[in-house]
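Visitor: Dock chain R against the given chain X, drawing on the hints supplied.
Letter by letter, the chains look like this.
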Amino acid sequence: MNAKNFVSLMLREVGIGLALLLLCIVFAIAAPRFASPINITNILTQISINTVLSVGMTFTILLGGIDLSVGSVLSLCTIIAGMIITNETLAVGPAVFLSILGSLAVGMVSGFFNGFVSERWKIHPFITTLGMLNIARGAALQISQSRTIFNFPSSFNAFGSMEFFGIPFIFIIALGSVLLGRFILNRTVYGRMVYAIGNNEEAVRLSGHNPSFFKVLAYIICGATVGIAAIMYMLRLNISSPILGVGFELKAIAAVVIGGTSMSGGKGSMMGTFLGACIIGVLDNGLLLIGLGDFARQIVTGLIIVFAVIIDTYRAKISIKAEA
Amino acid sequence: MASNNIIQIQNITKSFPGVTALDQINLDIHEGEVHVLVGENGAGKSSLIKILCGIYQPDEGLIRYQGRNYAPQNANDAIKAGIRVVYQELNLISYLSIAENIFFERLPAKAGLVDRLKLNRESQKLLDEVGLKLSPKTPIYQLGIAQMQLVEIAKALSAESKVLILDEPTATLTTKEIDRLFGIINRLKKDGVTIIYISHRLQEIFEIGDRVTILRNGKKVNTSPIESITIPEIVKMMVGREMESEYPFLETVKVGSELLSVENLVLQGDDHSKSFSVRSGEILGIAGLVGSGRTETMRAIFGADPKISGKIFMNKQELTIISPKDAVDGGVCLLTEDRKEQGLILDMPCSVNVSLANIDGVSQSGLMNFAKEERIAEQYVDDLSIKTPTIKKWVRFLSGGNQQKVVLAKWLYRDSKVMIFDEPTRGIDVGAKYEIYMLLWKLAELGKAIILVSSDLPEIIGISHRILVFSNGKITGELTRDEFDQEKILALAYQEYLSNGNGNHK
Numbered sequence: 010m011n012a013k014n015f016v017s018l019m020l021r022e023v024g025i026g027l028a029l030l031l032l033c034i035v036f037a038i039a040a041p042r043f044a045s046p047i048n049i050t051n052i053l054t055q056i057s058i059n060t061v062l063s064v065g066m067t068f069t070i071l072l073g074g075i076d077l078s079v080g081s082v083l084s085l086c087t088i089i090a091g092m093i094i095t096n097e098t099l100a101v102g103p104a105v106f107l108s109i110l111g112s113l114a115v116g117m118v119s120g121f122f123n124g125f126v127s128e129r130w131k132i133h134p135f136i137t138t139l140g141m142l143n144i145a146r147g148a149a150l151q152i153s154q155s156r157t158i159f160n161f162p163s164s165f166n167a168f169g170s171m172e173f174f175g176i177p178f179i180f181i182i183a184l185g186s187v188l189l190g191r192f193i194l195n196r197t198v199y200g201r202m203v204y205a206i207g208n209n210e211e212a213v214r215l216s217g218h219n220p221s222f223f224k225v226l227a228y229i230i231c232g233a234t235v236g237i238a239a240i241m242y243m244l245r246l247n248i249s250s251p252i253l254g255v256g257f258e259l260k261a262i263a264a265v266v267i268g269g270t271s272m273s274g275g276k277g278s279m280m281g282t283f284l285g286a287c288i289i290g291v292l293d294n295g296l297l298l299i300g301l302g303d304f305a306r307q308i309v310t311g312l313i314i315v316f317a318v319i320i321d322t323y324r325a326k327i328s329i330k331a332e333a
Numbered sequence: 007m008a009s010n011n012i013i014q015i016q017n018i019t020k021s022f023p024g025v026t027a028l029d030q031i032n033l034d035i036h037e038g039e040v041h042v043l044v045g046e047n048g049a050g051k052s053s054l055i056k057i058l059c060g061i062y063q064p065d066e067g068l069i070r071y072q073g074r075n076y077a078p079q080n081a082n083d084a085i086k087a088g089i090r091v092v093y094q095e096l097n098l099i100s101y102l103s104i105a106e107n108i109f110f111e112r113l114p115a116k117a118g119l120v121d122r123l124k125l126n127r128e129s130q131k132l133l134d135e136v137g138l139k140l141s142p143k144t145p146i147y148q149l150g151i152a153q154m155q156l157v158e159i160a161k162a163l164s165a166e167s168k169v170l171i172l173d174e175p176t177a178t179l180t181t182k183e184i185d186r187l188f189g190i191i192n193r194l195k196k197d198g199v200t201i202i203y204i205s206h207r208l209q210e211i212f213e214i215g216d217r218v219t220i221l222r223n224g225k226k227v228n229t230s231p232i233e234s235i236t237i238p239e240i241v242k243m244m245v246g247r248e249m250e251s252e253y254p255f256l257e258t259v260k261v262g263s264e265l266l267s268v269e270n271l272v273l274q275g276d277d278h279s280k281s282f283s284v285r286s287g288e289i290l291g292i293a294g295l296v297g298s299g300r301t302e303t304m305r306a307i308f309g310a311d312p313k314i315s316g317k318i319f320m321n322k323q324e325l326t327i328i329s330p331k332d333a334v335d336g337g338v339c340l341l342t343e344d345r346k347e348q349g350l351i352l353d354m355p356c357s358v359n360v361s362l363a364n365i366d367g368v369s370q371s372g373l374m375n376f377a378k379e380e381r382i383a384e385q386y387v388d389d390l391s392i393k394t395p396t397i398k399k400w401v402r403f404l405s406g407g408n409q410q411k412v413v414l415a416k417w418l419y420r421d422s423k424v425m426i427f428d429e430p431t432r433g434i435d436v437g438a439k440y441e442i443y444m445l446l447w448k449l450a451e452l453g454k455a456i457i458l459v460s461s462d463l464p465e466i467i468g469i470s471h472r473i474l475v476f477s478n479g480k481i482t483g484e485l486t487r488d489e490f491d492q493e494k495i496l497a498l499a500y501q502e503y504l505s506n507g508n509g510n511h512k
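Protein chains in written order, with the working numbering: chain X, 10 to 333; chain R, 7 to 512.
In isolation and in its complexed conformation, chain X is listed as follows (with noise of 0.2 Å):
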């Protein structure tokens, strides 16, 4: 029995976490630059929106969903917050609390939205959501008539560029956001109706549930973690963009899935989600110091997330056998 439970927990996050380790061995010895105090900052700050985004993801893909409207919406909850932030009737700290509210309901009435019609109408999310994916990005640019907004508070700016001992305080709520997310998984009542309903959605609701609801609720979580993200962002660049955050649900998706979440729900976790999410950023960074282009790493980006899919089948495979 622990055998077989060694087994499965090194099929899952160990594994993931070893090739992380190794990804990482391979980079610092290839680029001796990547390992540099510097260099690690810069990767946990690059990292930290992306976290967030795959949390929350997290939870669409377990309940057998998936919510590809998070980066026009994080562009629509930058809008909406730099609107609040830089209001001038407003003082500093009622503004900065006031958008930070104001991305977070946004992300979550996005989420209620995509959530509610996929339920109430049997869509699948991936319509709703691409659906969403158009309205959000419309109306940040309608509303912001397709204009930048800076001039933030300073002293809000300053939190964007803070760091205790190296560690960035965007990471710091990266973590948070994962370990948060953890717990609502791994301890909640909501994280085992999460699990049970992305195996057997049926048995649930044959024993008495109502899987709609819990199935909205994790549009609204994904929801809230895009406000988070559109928050961090706007404190590491210091601007609102009707424009950004294209492709950000993909690089999400990437992560949950690196992380050993299956696509078709049911299996999956938040600390392989997170160590997806350090990959990716890894990646990322790692091939640029040993100096490939943009192009390339978009090509072993890519390769990368269907290898880890074709790991994912076998994974299911053994962890079956392991089980029996």
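Simulated from the structure, these hints should not be mistaken for lab results.
Any given hint might turn out to be false.
[To be verified] From the structure, some residues in chain X lie toward chain R, with a derived Cβ separation under 10 Å:
{"id": "1", "residue": "E22"}
{"id": "2", "residue": "F165"}
{"id": "3", "residue": "N195"}
{"id": "4", "residue": "R196"}
{"id": "5", "residue": "G200"}
{"id": "6", "residue": "A205"}
{"id": "7", "residue": "L215"}
{"id": "8", "residue": "M272"}
{"id": "9", "residue": "G275"}
[Claimed, not checked] Estimated spans, in silico, between C-beta atoms of each pair:
{"id": "10", "chain 1": "X", "residue 1": "L189", "chain 2": "R", "residue 2": "F403", "range": "32 to 38 Å"}
{"id": "11", "chain 1": "R", "residue 1": "F403", "chain 2": "X", "residue 2": "I319", "range": "23 to 29 Å"}
{"id": "12", "chain 1": "X", "residue 1": "L32", "chain 2": "R", "residue 2": "L113", "range": "50 to 56 Å"}
{"id": "13", "chain 1": "R", "residue 1": "S315", "chain 2": "X", "residue 2": "L99", "range": "56 to 62 Å"}
{"id": "14", "chain 1": "X", "residue 1": "V255", "chain 2": "R", "residue 2": "S279", "range": "56 to 62 Å"}
{"id": "15", "chain 1": "R", "residue 1": "S283", "chain 2": "X", "residue 2": "E211", "range": "25 to 31 Å"}
{"id": "16", "chain 1": "X", "residue 1": "E211", "chain 2": "R", "residue 2": "L140", "range": "35 to 41 Å"}
{"id": "17", "chain 1": "R", "residue 1": "F403", "chain 2": "X", "residue 2": "F304", "range": "46 to 52 Å"}
Beta carbons: idealized from backbone N, C-alpha and C, even for Gly.
Guide: What follows is chain R alone, placed relative to chain X:
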């Protein structure tokens, strides 16, 4: 009659985990005869057919076909050999034409393109043969069930089948359509085609059959020329006379007051409304053939499927049930027929499955209490003697009987007042069956109202206080314990299918 055997089935045995579907079957099929197979649900008819057409392989025994050994490994082997089945559920592709469906496996081609002229010409010939007056170009979705059945037969003819197996072909046909089908069968017979005919309608087999074989519990009871047997004799053989003592009726249970009552329930496609009630401490058996509306009715009561109208009362208080959640909250539970797909989360541990219907019991303010969950799972594993190495084992890896016990544990922990069991003992071994009967009794003694849907007549007679018989979507009878009689129940179960041939669904 030519007694040339086209098929000789010798000592065929087939078992599935926990059940012996076919037990040492010996059967000769004469060339050019219409051989009728009858038996209750689960008697082994379909397993036998599936072996003949290559879907199952027998564990033991031998089939000789046209004097040679015959061991088809898949459906294609059987079709190539000239043995073909027209299934109850039709296998036609809606958006293709009749002709395309008939020749689906081998479309006539010319230079890599479909030769439409030839396709339609050949199809037309076959349609004329089966008497279907439609253009071969008609898409399937425009056809009625009876017409589709004829297309299936035309398809079977196109392959120049030597043996044609018809699986309940008349189940959905009207009298006129049945007459036409019988005409076709007679013509095929003249052409030397051998026909194996499965039917629940005992009267019609006298019109069409040459010989009849009765199966029961995977064994052959008898084969007889149709002239020398009567319906009551067939029924007696189907049911068997045996083992009243396998189900000791516990007199200790006190039947209490009415707990659940269903009034004027109407389902989608129903002509009849249904009303019945069950008392606390009572085991109400629901008998009837598969497809008679038993499962559908139970699912509607539980809110798993929508109903058209009808009221449900618990302790005289009306319950509004539009989803399983309402039912469970109101004290009703349903153990579904299909436990793997609907009752269990196969890839999660036993403990998770046990607490699934009562998650509030193992949590506090939204947080799981894992220690309590494990304690409760351990307790049910002990109580029900569920055989599993640990409660962390995925349910997928337990045997059928133990999986069923996990489903039971789930609902026991929920502690519902009314418990509906849909075929709780199907596919599980005798020992586990007995444990489940004892458990049903224990639940009745605790004052639960039990509804037991079962196709196993001896079982339902053995342990119920009262039996309702369903036939073709209607409740055709209610029997109290002193009136229990297998033949009477069977007659009621067939009633709506027999009555002057017009008791068909639309």
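Visitor: Could you run down the list of hints and mark each one as holding or not?
Guide: Verification of the hints:
With a cut of 10 Å, the hint placing E22(X) at the interface with chain R is violated, because the nearest CB-to-CB distance is about 18 Å. Because the closest C-beta pair between F165(X) and chain R is about 34 Å apart, greater than 10 Å, the hint is violated. Hint status for N195(X): holds, given a least beta-carbon distance of 8 Å to chain R, under 10 Å. With a least beta-carbon distance of about 6 Å to chain R, the hint placing R196(X) at the interface is held under the 10 Å criterion.
Annotation: G200(X) was flagged as interfacial toward chain R, and the flag holds, the nearest CB pair being 8 Å apart, inside 10 Å. Using the Cβ-Cβ criterion of 10 Å, the hint placing A205(X) at the interface with chain R is satisfied: the shortest such distance is roughly 6 Å. Hint status for L215(X) relative to chain R: holds, with the closest Cβ pair at about 5 Å, below 10 Å. The criterion of a C-beta within 10 Å of any C-beta in chain R is not met by M272(X), whose closest approach is roughly 15 Å, and the hint is violated.
For the restraint placing G275(X) at the interface with chain R, the shortest Cβ-Cβ distance is roughly 7 Å, inside the 10 Å limit, so the hint holds. For L189(X) paired with F403(R), a C-beta distance near 34 Å keeps the hint of 32 to 38 Å intact. Take F403(R) and I319(X): their Cβ atoms lie about 26 Å apart, and the range 23 to 29 Å holds. In this structure the supplied range 50 to 56 Å holds for L32(X) paired with L113(R), their Cβ-Cβ distance being about 53 Å.
At about 58 Å, the beta-carbon gap between S315(R) and L99(X) stays in the expected band of 56 to 62 Å. Distance hint for V255(X) and S279(R): a CB-CB separation of about 59 Å, consistent with the stated range 56 to 62 Å. Range check, S283(R) to E211(X): about 29 Å between beta-carbon atoms, so the 25 to 31 Å window is met. For the pair E211(X) and L140(R), the beta carbons lie near 39 Å from each other, so the given range of 35 to 41 Å is met.
Range check, F403(R) to F304(X): Cβ separation about 48 Å, and the 46 to 52 Å hint holds.
Hint check: violations occur at hints 1, 2, 8; the rest are consistent with the structure.
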